[in-house]
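> One letter stands for each residue in the lines below.
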Amino acid sequence: KQEVTQIPAALSVPEGENLVLNCSFTDSAIYNLQWFRQDPGKGLTSLLLIQSSQREQTSGRLNASLDKSSGRSTLYIAASQPGDSATYLCAVGDNYGQNFVFGPGTRLSVLP
Amino acid sequence: DAGITQSPRHKVTETGTPVTLRCHQTENHRYMYWYRQDPGHGLRLIHYSYGVKDTDKGEVSDGYSVSRSKTEDFLLTLESATSSQTSVYFCAIKGNTEAFFGQGTRLTVV
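Chains as they are written, first to last, in our numbering: chain W, 4 to 115; chain S, 6 to 115.
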């Protein structure tokens, strides 16, 4: 059974810092991996999707990497802003591309 | 934003009553999912559908049933609501790759 963990559980940084969020999974036979952000009381917003054959994806100040063999993905946020404050979740797609398993999330606070 | 709408957005119901939540999509995606999100448990899959009339159970399916009679609609039914089903419910859709989520339904069972 796929298990997904995220470290740290919470992170507080001053505005302008670069930061890395980590996602680990136990079964490397994945279809893809997707990063989401969730604002309090809101739904999940898709940030980046990495296919199993890819090493990284970039969107603006966000860069996500994937190392299947080690069961790890990282989300890099450059020049953090207070508007980046949210909970960030990773979701691992199973090898059939049908279902995905979520990590518990990292709650990020960016202080002005 | 992906065309996905959940209704109702908020609901308070009494223990023992039936409740149906609706998820509607305009993207013609094959896969649709129902999750619940609870503090300390994260997002947990209740049921999912891989086509019209094709559904399967997730990890927390007890007490829930689903139906998908049209590509665009996926219904989640609590046959007899219990207090343990107080939660925020999210619908998600997925085509071949990326998943998109609705805004959620906050259900309170009193």
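Mixed in with the good hints there might be a few duds.
The list that follows gives simulated cross-link-like pairs (lysine to aspartate or glutamate, EDC-like), each with its CA atoms no further than 20 Å apart [claimed, not checked]:
1. W/K4 - S/D61
2. W/K4 - S/D78
3. W/K71 - W/D30
4. W/K45 - S/E64
5. W/K71 - S/E103
6. S/K62 - W/D70
7. S/K62 - S/D78
8. W/K4 - W/D87
9. S/K16 - S/D61
10. W/K45 - S/D43
11. W/K4 - W/D42
12. S/K62 - W/D97
Keep in mind that the hints were calculated from the coordinates and are not lab data.
Everything numeric in this text was worked out from a predicted model, so none of it was measured.
> Confirm or reject each hint.
Going through the hints against the structure:
1. W/K4 - S/D61: holds (17 Å)
2. W/K4 - S/D78: Between W/K4 and S/D78 the Cα gap is close to 29 Å, so the pair fails against 20 Å, i.e. violated.
3. W/K71 - W/D30: holds (9 Å)
4. W/K45 - S/E64: violated (23 Å)
5. W/K71 - S/E103: Given pair W/K71, S/E103 holds - Cα atoms ~18 Å apart, limit 20 Å.
6. S/K62 - W/D70: violated (30 Å)
7. S/K62 - S/D78: Judged against 20 Å, a Cα distance of about 17 Å means the pair holds.
8. W/K4 - W/D87: violated (32 Å)
9. S/K16 - S/D61: violated (25 Å)
10. W/K45 - S/D43: Since the Cα atoms of W/K45 and S/D43 sit roughly 13 Å apart, the hinted pair holds (cutoff 20 Å).
11. W/K4 - W/D42: This hinted pair is violated, its Cα atoms lying about 29 Å apart.
12. S/K62 - W/D97: holds (15 Å)
When the structure is compared with the earlier hints, violations turn up for hints 2, 4, 6, 8, 9 and 11 and for no others.
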